[in-house]
Amino acid sequence: MLLAVRNLEAGYGKKQILYGLTLSILPGEIVGLIGHNGAGKSTTLQSIFGLITPHQGRVIYMDRDLTFASPASKLDAGIYHLPQENFIFSDLTVTDNLEMSFFTMKDQATFESRRGEVFQFFPVLRDRKNQLAGTLSGGERRMLGIGMGLLRKPKLFLLDEPSSGLSPVAFQNVAKIIQEINSSLQTAVLLVEQNVKAAFKLSKRVYVMKAGRIILEETGAELLKRNEWWDLF
Amino acid sequence: MDYLVNILVFVLIYAVLVQSLNLIMGYVGVISMGHAVFSAIGAYTAALISVHLGYNFLIGMAAGFFLAAVVGALLAIPSLRVRDEYLIVFTVGFQMVAYEFMLTARGITEGQGGIPNIPVPRLFGFEFNTPLRFFPLAFGAAVVCFCIVWRLVHSPFGRVLKAIREDESACRALGKNTLKFKVLVFALGGGIAAIAGSSLAYFITFVSPGSFSIEISISIIVMVILGGEANFWGPLVGAAILVGLPEVLRFVPGAAGVVDVLREIFYGLILMLMMIFRPQGILPEYAAQAKEYQIPTDVQGDGNKDSVGDEGNLSLARRKTDTTQVLEIKGLSKSFGGLQAVKDVSLTLASGRITGLIGPNGCGKTTIFNLITGFLNADSGRVYVRGKEITGRAPYKLVNDGLVRSWQDIRAFKDMTLLDNVLVARPKQSGEKILSLFFSPWQVAREERENYGKALGYLKMVGLLDKAGHLAGNLSTAEQKLVALARLMATECPVLLLDEPTAALDMESVERIIKLIRNIAKQGWKTILLIEHNLDVVRGLVEEAYFMGEGRVLAYGEPASLMANPKLAEVYFGID
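Those protein sequences? They're chains A and B, same order as listed.
Numbered according to the working numbering, the first sequence spans residues 1 to 233.
Numbered according to the working numbering, the second sequence spans residues 1 to 576.
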């Protein structure tokens, strides 16, 4: 078990958003998290990563209780969170962004080779390495964000709606890369997505959320077989 | 003895000055760093009128009041377009310009030296020429000013001021012309400050720029904060402590020489410490604990009956067959730079029905709400409510036309009680007009009692009557959403635009809100347009829905048939 979340309750100040959330992720698995707007999907990722402190429940990662650990320690442990917005430094170049992401890694000597690996996954980032990140297209920015995470070789990626703001074609590219990263590096992914079909295709298992709770757990393949999914929303 | 009375007169004059700033700062939320300028206008006008024109002090004070009121009203205009920190800097500029004017416009102000020998006030031969004699005059002026402010603040007008301070957009959406309120408050605040200034001029029979510098403006702010912003007695406490105390300290042996030196340090320290430890001041705004409210037995507000609103005047038969299009949108379009957020959208709402507006994230639903309610200007298209065109009308006018909206982020007035939250939404309150407030008090009182009963009735309808005296900010999200609904009902508008009323709620709260909205629609014969992402709510509540994608209306029909459409499924769930 890579990640086990048990009965998580969390929110913003007095506002409670999560009401006893339980989910788990095995090493190397892509797990989808879908649900209507306002169901608490982003909140789930933020609580797991420690940007929000849970009121109740447990977050167990590789048998360690990291419920109240800071985001910095979670990063060190191998979890990378990519939010929906504001996930890159717009006023810095692509190279500087990558350096920023690597900044707190203990072994700084591996930066060059790691960066080379990232450029292999994302050739467009190599082509634009001196360009200001804020001037990249939506899809390129998303790739930079994922690339920044890849640099740290995380064991678990928490991806919040990687399709948002992207054209269908751009997202197809991103989806392909997520697949590749997972198959070649065995990186597990907890994928929050509004593009439900894509989520079902990518994910081995899917959790469906509604109003702060999980209402269904099913394999991606089973869900794809259905004709429609209105009852999930 | 004379010296003590002297101090008392200064305390009274400053209390009035501080109360006038409290009106602007505490109740409208604008921090003015140039408030001493209004005091200067009063002082200099009084001086010039009495010295050069020979008129008596009453005329001098009145002239000062009106001139400062006009300048104050003009100052409200930049406050529209300039926000927060920038507005504060603007007032600093205002203070600097005025001070320079006092120093250099020697022809009028006689510059640095000031205007001496202002005639002592005189009434029927009696001269107010000693502190003891002047005291009743100062006391009388203070009482009159405090009474005016009291009446203003503890009234429907004052309630709107608090709501403006809380959330001006939400206040406008409830039908209040907030600009008018701000102009009036700035005018009155300026005018009352001028009364203080002219009193000072007649007391010390001398005016000079030194009494109206930026340091004075800052010290007035400190007094507001120390006493307690938006607390009625705060200015008196602040003035007594910061004006009275240092003077009284002079009597302490050895302190005399040090007092002046320490005064500035003292003021600065107070500002710093108060901001950290007790920003609400010595006297908090709501001194009493949350009260329990009972609906007065003689004014039973039946929330059910009253939510019928205007429609109650129509006969029952007509209501049932009324198929007028209550809300009609034709060809609405809006783009932001290169992004076309809303593309040629047309929709109609039939009377008495609940219509949904659904679609994937970012398809333009909230933009449409903003376009209908005037918070955004459309590039093209028209909006009609009950046949009357309202395209581009200012938000506050729409309540009068029968349309009101809710907000995705609730926007309850957090530092006001639930009762006040609902009361402020009541339409056509004569107590919100200054003239009625002072010259038709009986009518205002009668309307207040009626509105009180009705407001409690609406709170009862949403199940929050027992918390009527609680501050909205202390309630849970779900309860705040209920208050927001009660607030909408209180406007008696027949057309409600609800923006994601169940967002971020747990299942039980969602159920509760669904039932409530159903009740509201049925009993009050309301027409509702509802944006929702939780499709359980759409299925449970909505009779027809418009399905949107990428800024356009793609389909219209019953939820079941929309969800059976494979093309729409593609839009909602993503393309392969």
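Watch out, some of these pointers could steer you wrong.
DSS-like cross-link-like pairs, simulated, lysine-lysine; straight-line CA separation at most 27 Å [what the hints assert, rightly or not]:
(1) A:LYS225 to A:LYS201
(2) B:LYS460 to A:LYS176
(3) A:LYS14 to B:LYS567
To give an idea of the chain B side of the interface with chain A (calculated C-beta under 7 Å), a few residues [stated by the list, open to error]:
(4) ASN56
(5) LEU58
(6) PHE126
(7) HIS154
(8) GLY453
(9) THR477
(10) ALA504
(11) MET507
(12) VAL510
(13) LEU554
(14) GLU558
(15) ALA560
(16) SER561
(17) GLY574
Far from chain B by the CB rule (all over 10 Å, computed), these chain A residues [what the hints assert, rightly or not]:
(18) GLY38
(19) PHE68
(20) GLY78
(21) THR135
Source of the hints: derived by calculation from the structure; they are not laboratory data.
Since this is a predicted model, take the numbers as computed values, not measurements.
Just so it is clear, CB atoms sit at the ideal spot from N, CA and C, and this is done for glycine as well.
Non-conforming hints, listed in increasing numerical order: 2, 3, 4, 5, 6, 7, 8, 13, 14, 15, 16, 18
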